[in-house]
Amino acid sequence: METVPQQNTGFVTSKLEEMIGWARKFSIFQYPFVTACCGMEYMATACAHYDVDRFGAGLPRFSPRQSDVLFVVGTISHKIAPVLKQIYDQMADPKWVVAFGVCTCTGGFYDNYSTVQGIDTIIPVDVYIPGCPPRPENVLDGLMKLQEKMQQQKQPM
Amino acid sequence: MSDLATEKNITGNNFPSPQAVKRETMMLNVGPSHPAMHGIVRMIVELDGETVQNADVEIGYLHRAFEKDSEQFGYLQVIPYTDRLNYVSPLINNIGYCMAVEKLFDLKAPERAQYIRVIMSELSRVSDHLTCIAASAMELGAFTVFLYMIKQREEIYQLVEEVTGARLTISYARVGGVKGDLPEGFEAKCHTVIKKTREVLRECDQLLTHNRIFVDRVKNVGIISQKDAISYSMTGPFLRSTGIDFDVRRATPYLVYDRFDFEIPVGSTGDCLDRYLVRMDEMEQSFRIVEQAYKQIPAGHVLVNEQGEVVKGEDLVDAAKMGETEGIVTKSATFDPTLAGYHKDNRAEVGTCNKRAAMPPKEETYSNIEGLMNHFKTVMVGHGTRPPAGEAYQAVEGANGELGFYVVSDGTGTPYRVRVRPPCFTIMAGLHKVVEGDSMADIIASFGSVNMIGGELDR
Amino acid sequence: MQELHLKLKEKFGEDVLGVHNQHGDETIVIKPAALIKIAQFLRDDSEYDMDFLMDLSAVDGLKLGWNPRFQVVYHFFSSKHTHRLRIKIPAADGGSVPSLTGLWAIANWFERECWDLLGVKFDGHPNLKRILLYEEFVGHPLRKDYPINKRQPLIGPGAPKKEAVK
Chain E
1 METVPQQNTG FVTSKLEEMI GWARKFSIFQ YPFVTACCGM EYMATACAHY DVDRFGAGLP
61 RFSPRQSDVL FVVGTISHKI APVLKQIYDQ MADPKWVVAF GVCTCTGGFY DNYSTVQGID
121 TIIPVDVYIP GCPPRPENVL DGLMKLQEKM QQQKQPM
Chain C
1 MSDLATEKNI TGNNFPSPQA VKRETMMLNV GPSHPAMHGI VRMIVELDGE TVQNADVEIG
61 YLHRAFEKDS EQFGYLQVIP YTDRLNYVSP LINNIGYCMA VEKLFDLKAP ERAQYIRVIM
121 SELSRVSDHL TCIAASAMEL GAFTVFLYMI KQREEIYQLV EEVTGARLTI SYARVGGVKG
181 DLPEGFEAKC HTVIKKTREV LRECDQLLTH NRIFVDRVKN VGIISQKDAI SYSMTGPFLR
241 STGIDFDVRR ATPYLVYDRF DFEIPVGSTG DCLDRYLVRM DEMEQSFRIV EQAYKQIPAG
301 HVLVNEQGEV VKGEDLVDAA KMGETEGIVT KSATFDPTLA GYHKDNRAEV GTCNKRAAMP
361 PKEETYSNIE GLMNHFKTVM VGHGTRPPAG EAYQAVEGAN GELGFYVVSD GTGTPYRVRV
421 RPPCFTIMAG LHKVVEGDSM ADIIASFGSV NMIGGELDR
Chain W
1 MQELHLKLKE KFGEDVLGVH NQHGDETIVI KPAALIKIAQ FLRDDSEYDM DFLMDLSAVD
61 GLKLGWNPRF QVVYHFFSSK HTHRLRIKIP AADGGSVPSL TGLWAIANWF ERECWDLLGV
121 KFDGHPNLKR ILLYEEFVGH PLRKDYPINK RQPLIGPGAP KKEAVK
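Residue numbers (this note's numbering), protein chains in the order written: chain E, 1 to 157; chain C, 1 to 459; chain W, 1 to 166.
A portion of the hints provided could be inaccurate.
[Claimed, not checked] Here are the simulated lysine-lysine pairs, DSSO-like style, with alpha carbons at most 30 Å apart:
| id | chain 1 | residue 1 | chain 2 | residue 2 |
| --- | --- | --- | --- | --- |
| 1 | E | Lys-25 | E | Lys-154 |
| 2 | W | Lys-11 | C | Lys-227 |
| 3 | C | Lys-227 | W | Lys-7 |
| 4 | E | Lys-85 | W | Lys-129 |
Worth flagging that the hints you see were computed from the coordinates, not collected in a lab.
All chains, please: the whole structure from these sequences, using the hints.
As structure tokens, then:
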């Protein structure tokens, strides 16, 4: 990057950003933080029938240090909230968070003493996928929205 | 190290003699966010080398107050919450809860509804066992089986969706019956899926049952004795793997289970292999029950005969909202029975006619004042479905064992107390007995064979 | 074998507070002090042979005006005779009832859950601590006077401020 003359920087960096975004969006290493019912639809999405691998997100990593998208799948109770926060903190930048299912978006119909009313009270969220649980098509839609976001955002390097 | 006696070994190096080494156990934390702990169980394991000396299981990470929530709403509104108890076989939960409320009412669902319940329960059981075996096999490295079985589960989901309108949170059962009749042509589709699932099971059986890699990981691993299993009140495949043939469907028959010829597969040693085999055999028995149920199920309207002028349900509603009620009594509406609830003509077959317990058919609600009042009386706060004061315990055979609903009514429209007897709670309570003495890696196999479902474990 | 609860009443007459057979569920209400004696009898007697303690829970009778406030409910099951029996014992708010951990291993977790959610204490329980909720939680949520959405988060908005680590 240092070799690029000063006056051409704008042109070159925007292309580079695009390329990096393109690379990032098709090599999603996801961390499935699966707690509840939505896990069933997560499994359905990840497996052969809906095949999330078509979107470059076929490799779940079970270590936060290796992953860049945190899929929060299922109800988050107050007991597990600190765990979720810790996992998020352990992930390396750049990182994204997908709130999978209505419980993670808003608490859903669990408006009670034990349930966190939306994980965005604890960690920042990039894409919300509502549904109780969301259908796999809905999940793929959310994933494509995330890819769009990854493509268009300013790429941290 | 200085206080340890050392001795020269053959090579002349100084190594502490085995007797002199101070033996210490190591505490290891597994979970809650661990792929093999299914996200919500934490185990603190005391290890001596690789061997598990002791294990402390901590649960509650998915506690979402099912029992408290059910005390807030009407009896019918609890049904969606029961879906999310055991979300792998939600139909069984639905049916169990509704049966407990029916017991309070001293109601019995119509015969056809009972057969439908049996068919849907057994399909649910198959999808539950498929998920359990698939997930535990994947954790032991058999990824192909996972993909095959989840693909097959997908087909069962599609069947369920056709009947209920949803894939897994279905809310299909109603107090006094089911929401709607089976759709047209469902039986043929069901038989096709059963045939296909049998093929997949045969294939997976060939992949796993005599596969040395798999058998070595599960045979004589995670053994539980009969005595311990009873003391921990374990039920379902876990208990049956120890050789006790307790199955709620046989022991205290409910619905129409006493009319079917089916076997209760049992194991002998109570290890993970036995649990796997019991589950595999149970799926076959479930298919047999479904096939027999189709032979016995009394005929009913699957599609409804229309009389009078037929309008679309939503048009009727719109017209009524606009005040265009002239001649509305002569009209009858068409509804998709899987989406809108049972049709007027087949109400007697799939739902009770007790007006205090069940909602009226939608065309009644939308076309005449009696139906509307009836609907209001069953759903309005302060009215609602009101069983007489009392208490009832109803047990059904869930995929993991005895699933019991203990419902206390105080005569109002809200349950006073709903208690679930969760089958996997008791298994998890005895899990430390199961894993003790095995190696650390065997925890994965043992835990996989529990089929831990967070929704019903923590509620 | 029918009418288990009536037979049991004949045998333990002085310990029995009431019997009923609602919807076919045979139920017997007994004095807490007699619980272990009767439970052991049920388990070991060949006529009853209740080898399973299927369920253990409690009901808070605050809104029904019960005195004492709680009822602990036990569901027994015999796998040999396939019969069920429900036993209920009254428990006062803040009081305690005998623990069945000596007879059934599962009573350990069931009683912990009961204490966690309803605050019924069990005498002689080896490890009576919270099971579904966390140690920091104050109160017992399944009691009728606990508001359903009174949250006690550990982190995030509403959580107690942690002192800065020096």
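Quick rundown of the hints versus the structure:
no.: 1; hint: E:Lys-25 with E:Lys-154; verdict: 13 Å, holds
no.: 2; hint: W:Lys-11 with C:Lys-227; verdict: 28 Å, holds
no.: 3; hint: C:Lys-227 with W:Lys-7; verdict: 28 Å, holds
no.: 4; hint: E:Lys-85 with W:Lys-129; verdict: 25 Å, holds
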